[in-house]
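S.K.: Residue-level listing of the chains:
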Amino acid sequence: MPRHTHIVKVHHLSLAFPTRHDPNPEPVLKDIDFGIRDGEILGLIGNSGSGKTMTAMAIAGLLPEGAVITEGSIKFAGEDLTAMKPRRRRQMLGSNIGVIFQEPSTALDPLMKIGTNLDEILLTHGMKDKAERRKRVLEMLGTCGFADPEEIYSRYPHQLSGGQRQRVLIAGAALLEPRLLICDEPTSSLDTVTTIQILNLLKEICHKMHMTVLFISHDLSAVRNFCDRVMVMRGGEIVDRDTTQEMLLHPRSGYTAELLTNARLDTRMLGLERATVDYSASPVLVARDITARYDNSSSNVLKGASLEIYPREMLGLIGSSGCGKTTLVKTLLGLMPHGGSITCSDKQTGAVFQDPVSCLNPAHTIEWHLLEPLRAAGIKLTKEERRKRVASALQDVGMSPEYLSRKPRQLSGGQRQRIAIAMSLILEPSLIVADEPFSSLDSSSASEILKLLTDINRERGTSFLLITHNIHIVRQICPRVIVMDKGSVCEEGLTSEVLSDPKSDAARKLLHAESVLHGENYSE
Amino acid sequence: MSLNTRQNLKYAGLKFIELIATLFVVSFLTFAAFSIIPGDTAQIMLGPNASPEQVARLRTELGLDQPLPVRYITWVAGAFTGNLGDSSSFKVPVISLIAQRLPVTLGMSILALIMVIAVSYPLSVFSARRPGRIGDTICSILGHVLFAIPPFVLSLLLIVLASGVLHIFTMGKYAPPEKGFGNYIASLALPAFAIALPKIAMTFKFMRSAIIEQNASEYVKTERSHGLSEARIFLRHVLPNSNVSSITIITLVLSDILGGSLIVEQVFNLPGLGRLLLTAIDRRDFPLMSGMIFYLALITVILYFVSDILASIADPRIRLK
Amino acid sequence: MQSKASSFRARTFFITGAVFLGIVLLAFVMSLICSPYDPNATSAREILLPPSGAHLFGTDNFGRDVFSRILDASKYTIFISIAGVAIALFLGVLSGLPAGYFGGFPDRVIMLFNNSIMCFPGILLALVAVAVFGPSMFNVVWALGLVFAPTFARVCRAGAMELKTRDFIMHAKVMRVKPVRIMYSHILPNLMPQLLPATVIGLANMTLFESGMSYLGLGVQPPDASFGKMLADCKAYVLTAPWLVIFPSLMLIFYILGLYFLSEGIRVSYSGRSDS
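Protein chains in written order, with the numbering used here: chain A, 1 to 524; chain B, 1001 to 1321; chain C, 2001 to 2276.
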């Protein structure tokens, strides 16, 4: 194997936030030592707080205020970045090092047109001719997959979708063909199909412009088919590094293995077992020809969607973003005016939503949360009965009674999601609608919640409508699946049949995105 | 391009409808306030010693014997054509009284606004560049203290300082603009300063936090990663974004200045609208009172309308709301 | 580390605010139990006496004891500000929460009225009310309450609009919690970080307005003492008897400044909490 030339060489780097009170705090980065080879795509994996973003920002020279490099050096093409004058350092940014951030919705100046914003980069780096700048920007927008660059040039950021904004940001970062592109979780806030488009775009322009990429992600599957090499970080240290293939097949560190297991959500390993469904029983919920629209739009978001959910069933609902999944959930839960008919055998339907941050009321205790459904349903209980019921609900979701007096902000995301489930369970509904309950959780909490849901399904016979973008989960635990596209149900059937032989375009597209992202052998 | 223009016009149209609706409510509130006076308006205006004939004559004169809706329509129509009838105590048209006093109040307000912008803007930029440093801390504490001094107390202090100690100002000496613009400004400078000081503190506090907030936003990070200099990021990105919120605060300040000038005029013995209003209240001159209040509210309504339009030009996102 | 700095800042604000407010509250308590002289008793022989052992803050042009009058005035100032803000808060919450929560037509009507009230600059509306209904403390209180209500309504409306899209409110709707309970039990407690500082600032602004109106002779009515009226009456003696200006001004400023610092402390401690 020939010796690679390194474009970036990080040499025993340590970083900390010293203050007046504490001049020698625990370092955030501890003796980081690695190189990025010329032309490679290097993945940097780790949970939040592992130091991966801090490492990238140290290379870019965009460390937050107060961060101090206590030891070590960073060399870029032989030049020491840590010893460089601020002015020279700034010139490097944009021209030699490009950066793409995670949140495309806030990463663009809202008052500046896209064209003006990109034009400014060229101007800053000394391109004087106005017509030439415009030509270059339009060319770059074209390269980044915009069919009509002129149109985008005069748009404001708020007039673009999340994926489009991310492409504009890529255009900005790659405009001067930098040698190194740092991508800090560029796809974390995008849906699966858009993620694929963005990753493909990145791959394409890297190849075209001979760029080296440092790709940061908390999601192992995103790097799987994208990176040449992967490094795993934990607690400010690099715990594992290898080529992507080696890493995924034979993880050397126990931590990497753990990350891999959690990411796979392996049903056998988690011991998931769902209830058996009797499809001849009468359904718990029947929805026919549901139509719905939002106040400010003239066209329907839902165009006649129909479905039924049987007792003890775990029904999966998949579809790309914008297909009307969330709107359907809202209508089924009675949160939106709609056309068509919904008949439900039970007055009360439980609900679990996506965001563990906002699923609980920050002003109230956990006990208040668990009592609220009883109050709302008008159930009068004695003090003793209330106490018992609340304690047992908490136990059902695997939490101890000590949490009763806590406020939501003292709980982790997974714990909050458990409380939300307990709030639904306390009224013993026959159906719980779960809208993306795992997607905002880290993989280990997600697998625990998944296990909790299947346990409830098996032990209590509660039906579930599970909305998720994770086809892998549907494959593992849902016997039947519904695929939505453009406001109606485009395919419906047994999961094994639909996912092995999709009939509709939408289902085929979703499956393709999954296989590109997670690899062929992922499902086995 | 045409999309943006269309959104602009649509937004301006909606705001105009809102303006008309607000004007309707404002005129109604003003009219209603003076129509629900407990007791006989004419009797109150003339005092307890008036003869029944005098009261009856004033009732006819004011149109009080007509039904309420007719009176409202007459009044609103008059208000928009500049014909609000005669003041009952001065016996001259209300509109001419207002026109006569306007230069004092308007000049003072505009002068105060200029002072607010000229001082608070540079100070907040200076403070927000390095929050927590000694200069910023001093400015912030000074801001709090100034904010807490009632305008009339500040006026008293300034009068003592300027006319009692420094002898650079004569109380109650107002020079109308016809007799030299310089003297006019000089006679209004001190009262304007008294109004401006607390507003400077208010604007400073608001602008400072707006700039700090913008400085911490994500797009600043993006611009840094593009290699832009800090000065350029500040001038081209942070400042325009902070300006959007500063339009709101300046409007608020201007409306506060108009209201606050009433008291300060009284302290400085200036013959402005504030004095006129107090005289009207004192003499129970209801036509004069209602006319002045309606016109002051009208100015504010238009002010808010202009500010909304300016904000929508500065920030394209507002048009979509 | 950041929250440590912000809790230090919050504590500094709280302590300074408490010291200033403490002085005024002490005066309030003293006015109730141990005022040295009758605040309204005139004495022809003791006109414009400078501060001394017998008259701590001197006497005014009617020979009234300034110290006793200041104690009395602080009583009215505190009463009017609290009563006025209570009315404003009540009206503001009552109109702002439904406007934000329901949106649409009710929102438009409620906000049209709120905006219209805000279009009468400063103390104008309160002046009119007092001019029409006659000057009395009661009229000042409700008029100022009405003038301040839109400020609170705006805070409540904005908060309700933002919170109603959160998952926990959707969850409450799914559980069929009644709208009134959602507004007052689910949303309102979450608005405290905005509402609490706004209330304290409201007390300060209310005092600014009340003292201004009293200065014009349209607030607290003589012979009752008020800081505004005391300052208006002493205009002729500014240079000859400065104690007449200094002590009432200082008390007024202490009260307002104390409230500002308190509200700033509340704001900083809330924002520090969300950081961590």
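Source of the hints: derived by calculation from the structure; they are not laboratory data.
Treat the hints with care, as some may be off.
[To be verified] Label-pair ranges, simulated between beta-carbon atoms:
(1) A/377 / B/1126: 56 to 62 Å
(2) A/106 / B/1015: 25 to 31 Å
(3) B/1314 / A/237: 45 to 51 Å
(4) A/106 / C/2176: 35 to 41 Å
(5) B/1035 / C/2246: 52 to 58 Å
(6) B/1126 / A/106: 50 to 56 Å
[As the list claims (entries may be wrong)] Derived lysine-lysine pairs resembling DSBU-like cross-links, with alpha carbons at most 30 Å apart:
(7) A/347 / C/2235
(8) C/2178 / A/380
(9) C/2164 / B/1015
(10) C/2164 / C/2178
(11) A/347 / A/383
(12) C/2235 / A/380
(13) C/2173 / A/486
(14) A/347 / A/451
(15) B/1205 / B/1091
(16) A/75 / A/203
(17) C/2173 / A/303
(18) A/9 / A/113
(19) C/2235 / A/388
(20) A/407 / A/451
(21) A/303 / A/407
(22) C/2164 / A/303
(23) A/113 / B/1179
(24) C/2173 / A/75
(25) A/30 / A/113
(26) A/451 / C/2173
(27) A/203 / A/9
(28) A/383 / C/2173
(29) A/113 / C/2178
(30) C/2173 / B/1010
(31) C/2164 / A/486
(32) A/407 / C/2235
(33) A/135 / A/75
(34) A/113 / A/75
(35) C/2173 / A/347
(36) A/113 / B/1091
Computed from a predicted structure; not experimentally measured.
Quick reminder that beta carbons are idealized off the backbone N, C-alpha and C, glycines included.
S.K.: Each of the hints needs a verdict: does it hold here or not?
M.R.: Outcome of the hint check:
Hint check: residue 377 of chain A to residue 1126 of chain B, Cβ distance near 59 Å, so the stated range 56 to 62 Å holds. Restraint check, residue 106 of chain A to residue 1015 of chain B: a C-beta distance of roughly 27 Å satisfies the suggested window 25 to 31 Å. At about 47 Å, the beta-carbon gap between residue 1314 of chain B and residue 237 of chain A stays in the expected band of 45 to 51 Å. Remark: the range hint 35 to 41 Å for residue 106 of chain A to residue 2176 of chain C is upheld by a beta-carbon distance near 36 Å.
At about 45 Å, the beta-carbon gap between residue 1035 of chain B and residue 2246 of chain C misses the expected band of 52 to 58 Å. One distance hint, 50 to 56 Å for the beta-carbon pair residue 1126 of chain B and residue 106 of chain A, is violated here, with the actual separation near 27 Å. Distance hint between residue 347 of chain A and residue 2235 of chain C is unfulfilled; the C-alpha atoms sit about 73 Å from each other, more than 30 Å. For a cut-off of 30 Å, the pair hint linking residue 2178 of chain C to residue 380 of chain A stands: about 17 Å separates their Cα positions.
Distance restraint check for residue 2164 of chain C and residue 1015 of chain B: the Cα-Cα separation of roughly 25 Å lies within the 30 Å cut-off, and the hinted pair is therefore satisfied. With a CA separation close to 14 Å, the supplied pair residue 2164 of chain C and residue 2178 of chain C stays within the 30 Å bound. Between residue 347 of chain A and residue 383 of chain A the alpha-carbon distance is near 25 Å, which keeps this suggested pair within the 30 Å criterion. Restraint check for residue 2235 of chain C and residue 380 of chain A: the C-alpha separation of about 67 Å exceeds 30 Å, so the hint is violated.
For the hint pairing residue 2173 of chain C with residue 486 of chain A, the CA-to-CA distance comes to about 27 Å; that is within 30 Å, so the pair holds. Distance restraint check for residue 347 of chain A and residue 451 of chain A: the Cα-Cα separation of roughly 26 Å lies within the 30 Å cut-off, and the hinted pair is therefore satisfied. A hinted pair counts as satisfied when its Cα atoms are at most 30 Å apart, and residue 1205 of chain B with residue 1091 of chain B does not qualify at roughly 47 Å. Our distance criterion of 30 Å between C-alpha atoms is met by residue 75 of chain A and residue 203 of chain A, whose separation comes to about 25 Å.
For the hint linking residue 2173 of chain C to residue 303 of chain A, the alpha-carbon distance of about 24 Å falls within 30 Å, and the restraint holds. Under the criterion of a C-alpha separation no larger than 30 Å, the hint pairing residue 9 of chain A with residue 113 of chain A is inconsistent with the structure, at around 37 Å. Using a Cα cut-off of 30 Å, the hinted pair residue 2235 of chain C and residue 388 of chain A is violated, with the two alpha carbons roughly 71 Å apart. Straight-line distance between C-alpha atoms of residue 407 of chain A and residue 451 of chain A comes to about 25 Å, which keeps the hinted pair within the 30 Å bound.
Taking the CA atoms of residue 303 of chain A and residue 407 of chain A, the gap is about 41 Å. The hint is violated against a cut of 30 Å. Distance restraint check for residue 2164 of chain C and residue 303 of chain A: the Cα-Cα separation of roughly 26 Å lies within the 30 Å cut-off, and the hinted pair is therefore satisfied. Between residue 113 of chain A and residue 1179 of chain B, the direct Cα distance comes to roughly 50 Å. Violation of the 30 Å bound is thereby established for this hinted pair. Annotation: proposed proximity of residue 2173 of chain C to residue 75 of chain A is violated, straight-line Cα distance about 57 Å (limit 30 Å).
With a C-alpha separation of about 41 Å, the suggested pair residue 30 of chain A and residue 113 of chain A falls outside the 30 Å cut-off, and the hint is violated. The straight-line distance between the Cα atoms of residue 451 of chain A and residue 2173 of chain C is roughly 27 Å, inside the 30 Å bound, and the hint therefore holds. Between residue 203 of chain A and residue 9 of chain A, the direct Cα distance comes to roughly 23 Å. Compliance with the 30 Å bound is thereby established for this hinted pair. The hinted pair formed by residue 383 of chain A and residue 2173 of chain C meets the criterion: a straight-line CA distance of about 25 Å does not exceed 30 Å.
A C-alpha spacing of about 45 Å is found between residue 113 of chain A and residue 2178 of chain C, which places the hinted pair above 30 Å, so the restraint is violated. Of the pairs offered as hints, the one joining residue 2173 of chain C and residue 1010 of chain B is violated, with about 35 Å between alpha carbons and a cut-off of 30 Å exceeded. Of the supplied pair hints, the one linking residue 2164 of chain C and residue 486 of chain A holds, its CA atoms being roughly 27 Å apart against a limit of 30 Å. Between residue 407 of chain A and residue 2235 of chain C, the direct Cα distance comes to roughly 56 Å. Violation of the 30 Å bound is thereby established for this hinted pair.
The straight-line distance between the Cα atoms of residue 135 of chain A and residue 75 of chain A is roughly 34 Å, outside the 30 Å bound, and the hint therefore fails. Among the hinted pairs, residue 113 of chain A with residue 75 of chain A is inconsistent with the structure: their alpha-carbon atoms are about 36 Å apart, more than 30 Å. A C-alpha spacing of about 13 Å is found between residue 2173 of chain C and residue 347 of chain A, which places the hinted pair at or below 30 Å, so the restraint holds. Note on residue 113 of chain A and residue 1091 of chain B: the hinted pairing is violated, with a Cα-Cα distance of about 59 Å set against a maximum of 30 Å.
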